[in-house]
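Q: Residue strings, one per chain:
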Amino acid sequence: MRYVKLPSGNFEDFFNSLKGIGQIYGPVKEGKTHHFRRVEEAGQMDLKYTRTMLPPKKFFVRPRERLFSLEDGWWRKEGDGKPFVLFGVHSCDVHALKILDRVYLSEPVDPYYARRRKSAFIVGISCLPDELCFCKSLGTHFAMDGFDLFLHELPDGWLVRIGSVRGHEVVWENARLFDEVSDEDIANFKAFEERRAEAFKRELRSEGLADTLDLAYNSPVWKEYAEKCLACGNCNLVCPTCRCYEVCDRWVDAYRAVRERRYDSCFMESHGLVAGGHNFRPTRLDRFRHRYYCKSYFDPSAGFNCVGCGRCDEFCPAGIEHVKVLDEIRGSLE
Amino acid sequence: MNPYESHPARILEVKDLTPREKLFTLRFLDEKLNEEFTFRPGQFVIVDVPGFGEFPISLCSSPTRSPIQLCIRKAGRMTKFIHGMKEGSVVGIRGPYGNGFPMEDMEGSNLILVAGGLGMAPLRSVLWYALDTGKYEHVWLFYGTKAYEEVLFRDEVLHLLKHGSAMNCTVKLAYEIESPSCIYLEQGFSDRVCRGVVTDLFRGENFDVENSYALICGPPIMYRFVIRELLNRKLSPGRIYMTLERRMRCGVGKCGHCVVGTSVSMKYICKDGPVFTYWDALSTRGLI
Ligand SMILES: Cc1cc2nc3c(=O)[nH]c(=O)nc-3n(C[C@H](O)[C@H](O)[C@H](O)COP(=O)(O)OP(=O)(O)OC[C@H]3O[C@@H](n4cnc5c(N)ncnc54)[C@H](O)[C@@H]3O)c2cc1C
Ligand code: SF4
Ligand code: SF4
Ligand code: FES
Chain S
7 MRYVKLPSGN
17 FEDFFNSLKG
27 IGQIYGPVKE
37 GKTHHFRRVE
47 EAGQMDLKYT
57 RTMLPPKKFF
67 VRPRERLFSL
77 EDGWWRKEGD
87 GKPFVLFGVH
97 SCDVHALKIL
107 DRVYLSEPVD
117 PYYARRRKSA
127 FIVGISCLPD
137 ELCFCKSLGT
147 HFAMDGFDLF
157 LHELPDGWLV
167 RIGSVRGHEV
177 VWENARLFDE
187 VSDEDIANFK
197 AFEERRAEAF
207 KRELRSEGLA
217 DTLDLAYNSP
227 VWKEYAEKCL
237 ACGNCNLVCP
247 TCRCYEVCDR
257 WVDAYRAVRE
267 RRYDSCFMES
277 HGLVAGGHNF
287 RPTRLDRFRH
297 RYYCKSYFDP
307 SAGFNCVGCG
317 RCDEFCPAGI
327 EHVKVLDEIR
337 GSLE
Chain Z
754 MNPYESHPAR
764 ILEVKDLTPR
774 EKLFTLRFLD
784 EKLNEEFTFR
794 PGQFVIVDVP
804 GFGEFPISLC
814 SSPTRSPIQL
824 CIRKAGRMTK
834 FIHGMKEGSV
844 VGIRGPYGNG
854 FPMEDMEGSN
864 LILVAGGLGM
874 APLRSVLWYA
884 LDTGKYEHVW
894 LFYGTKAYEE
904 VLFRDEVLHL
914 LKHGSAMNCT
924 VKLAYEIESP
934 SCIYLEQGFS
944 DRVCRGVVTD
954 LFRGENFDVE
964 NSYALICGPP
974 IMYRFVIREL
984 LNRKLSPGRI
994 YMTLERRMRC
1004 GVGKCGHCVV
1014 GTSVSMKYIC
1024 KDGPVFTYWD
1034 ALSTRGLI
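In the order they appear, the protein sequences are chains S and Z. Number 195 in the numbering used here belongs to position 189 of the first sequence; there are no gaps in the numbering. Number 773 in the numbering used here belongs to position 20 of the second sequence; there are no gaps in the numbering.
Some clues are possibly wrong.
[Stated by the list, open to error] Simulated restraints on C-beta separations:
id, chain 1, residue 1, chain 2, residue 2, range
1, S, Lys229, Z, Pro990, 27 to 33 Å
2, Z, Glu789, S, Glu46, 27 to 33 Å
3, S, Ala260, Z, Asn755, 41 to 47 Å
4, Z, Leu1035, S, Glu46, 21 to 27 Å
5, S, Arg8, Z, Glu789, 42 to 48 Å
6, Z, Pro972, S, Lys25, 56 to 62 Å
7, Z, Glu788, S, Arg70, 51 to 57 Å
8, Z, Asp783, S, Gly87, 23 to 29 Å
9, S, Leu236, Z, Asp783, 45 to 51 Å
Hints are computed from structural coordinates only; laboratory data are not their basis. No residue lacks a Cβ here, since even glycine has one placed at the ideal position from N, Cα and C.
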C-alpha cells in the first residue's frame, strides 16, 4: 500500500479536484438518516455518519434500470457509463461491493454493472461503530482493496491509503495537496484503529455458524420470528449485499416498450412462484429462513454474504435484530 | 457481449402435441449462429417475446439434429401468448443455459429415463441423443402421464414402443385415466403399457445398477417416489440425475430467483443445474 497525508486545510481543494473525474456523490444528512446524494461542495457532506439508508449498491445495481428498449420490432441496448465519484464509503460497504462484484462480474459479466463499476472512483472513509455495527466479527471493518483512495481520520487531517493506479494518479496530479506521512501520523492512525476496535458493542459469533444454522433448520425460533416479521422487504432493500431483481417489459406508448429490472425481495410471495401457482417457498417462515440462510451462506473463498453494517436492524419496522436472531437460533440447539 | 440480449429466431413450424402443449421448431435469423449453436441434452434456453417478457424452456430436440425444438405448455400469460404465434413469426432466444446431463460420462452405460408429464420434453433430447449416437448400452424410457391424450410426441413414443428393441431401447407407458386408445394399446403391449403411475413401470425390471444411470424429470411430487424405487434397487445417489425447475429471470446466476439451499450449500438452479444428482439433493436442502 502507498500512504500519503492530506492535511485538514487541503481537504476542500482535494474534494474540488475530484470534480474533474465527474459528478460527486457523498453522504448527506436528511432528517435523521443519511443518504448518498449529489454534492457540489465538501460542506454539504456529513462525513461523521454511521450508515446511509440505501447502500452504495444503488449506484451499481440500480433500484430500477432500463436494459433494452424496443425499436422497430427489436431490442436496442441501454445503459450509461459516465464517470462519477463515490465519496465517503465505509469499509463494510467496500466489502459489500466486492460481494456484488463476485456475482455480477463473474462469467457471464453483467455489462450494466460492469460499466458503472468501471466508471466509479471510490473514496473510502474511516468510521466509528454505533451499537448496531458488527462488521468486526465478520472481518469487514477494514478494507484492504476495493477502493481508489481511503481516508483515515487524524487529528489534523487524513491518512490516505492509495488502493489503485487511478487513486495514485489523482494523488500525483494533486501532489501539492499531500504531505509525506510522519511518525506522529502513524501513531495517531494506530491509536484511532485501536480505539475503534474497542468501540464495537455488538458481536456475531461466526464460528461454525453456517453448519449450526443448517442443523437448526427446524428450530422453533424461525417460526417465532417469521410471525413477527411484516414481510415488508425493507431489509432486502437496504442490505448492501442483497441483489435479487425482477424483470418486466413495459409499454411506454402504443409503439415503444422497454425492458426494465428492479429490486426484488425474497420476502415477497411472488419470489418463488412459478407457473400454475406452485410456490417453492410458500410460507413466510420459508422466506424468512431463506434470507438468513442467504446472508449467512459461507463461501470458503469469500466469507459470508453479510458485512455487518446494521442497516437491516435500523430499518426493520418490526424491530428484528439480525445478530439476535442468529444467536437465538444457535441457542435453540444448545 | 450482453448476456441478456436474445437472438432473433424464426418459428419454422408450430405443431399441436396436445391441447396444452405445442412443439415449436426454430431457426436463428443469423446463419452463423445456426451453425455454431450447440448444447447438451438437459440445457434450456430463455425465450424472449419482446414487449411481453421472457421464460425458460428446455431444449427438447437433440444436439444431433437441427433445427432446435421447444415443447411449450400453455401455463400462463407469456406461454399463452406464444401459443397464439404463427409460423413465420420471430421470437428471441438466448442460451443455452445450465449444465445439462453429463452425456460423455455416461457413455457405455444403461440409461433409465423416467418422465412424468411435461418432463418428457428435456428427456426427449437425451433419448434422441442416445439413439442417434449409439454410445449407450440400453435405454429405458418410463413415461407416466395422466391420459393417453396427454402423451407428448405420441408418434415417436409409439414408434419406439413397437420398434425400440432393434435400437436397444425399451419404452414403457403408464397412464392414470382410462380411454379406448390406451385399452387398445394395453392389449397390444401388455408387458409395457399399464394403468397406474410411473413407478409401476419398474415392476419386473432388473437393472445392472453398477452400470446404469437414472435420469428423472417430472412434477416435484414425482421425484420422491421414483428415487425411492431406484434406491431400493441400490442405485447410488450419484447415479441418479434429475432436472429441476424454479422461477427464473436471468438464467445466468444474477437475479437470485432460482437460488435454493442453506448456509452450507446454496445452488443456483440456472447455472449449477438444472440437472442435479440425488446426492446434491441430500446435501442441499430445498432442492427437491
Ligand atoms: C429450466 C426450466 C425448463 C423449463 N422447461 C420447460 C419446457 O420445456 N416446457 C414448458 O412448457 N415449460 C418449461 N418450463 C416452465 C416454463 O418456464 C413456465 O411454464 C413459464 O415460465 C410460464 O410462464 P407464463 O408467463 O406463461 O406463466 P405465468 O404463470 O403467467 O407466469 C408468471 C410469472 O412467473 C414466471 N414463471 C412462471 N413459471 C415459471 C417457471 N417454471 N420457471 C421460471 N419462471 C416462471 C414467468 O416468467 C412469469 O413472469 C421450464 C422452466 C424451467 C425453470
Ligand atoms: S444482512 Fe443486515 S447487517 Fe448484514 S449486510 Fe445486510 S443489511 Fe447489513
Ligand atoms: S425489514 Fe424486518 S419486518 Fe421487514 S421483511 Fe425484513 S425482517 Fe421482516
Ligand atoms: S435465474 Fe437468475 S439467478 Fe438463476
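Q: Hint by hint, note whether the structure agrees.
A: Tested hints:
1. For the pair lysine 229(S) and proline 990(Z), the supplied restraint of 27 to 33 Å holds, since their beta-carbon distance comes to about 30 Å.
2. A beta carbon spacing of about 51 Å between glutamate 789(Z) and glutamate 46(S) contradicts the range 27 to 33 Å that was offered as a hint.
3. One distance hint, 41 to 47 Å for the beta-carbon pair alanine 260(S) and asparagine 755(Z), is violated here, with the actual separation near 27 Å.
4. Checked against the hint of 21 to 27 Å, the pair leucine 1035(Z) and glutamate 46(S) fails, with Cβ atoms roughly 58 Å apart.
5. Taken as a hint, the range 42 to 48 Å holds for the pair arginine 8(S) and glutamate 789(Z), whose Cβ atoms sit roughly 47 Å apart.
6. Checked against the hint of 56 to 62 Å, the pair proline 972(Z) and lysine 25(S) passes, with Cβ atoms roughly 59 Å apart.
7. Remark: the range hint 51 to 57 Å for glutamate 788(Z) to arginine 70(S) is contradicted by a beta-carbon distance near 39 Å.
8. Take aspartate 783(Z) and glycine 87(S): their Cβ atoms lie about 27 Å apart, and the range 23 to 29 Å holds.
9. The supplied range of 45 to 51 Å is met by leucine 236(S) and aspartate 783(Z), whose beta-carbon atoms lie about 49 Å from each other.
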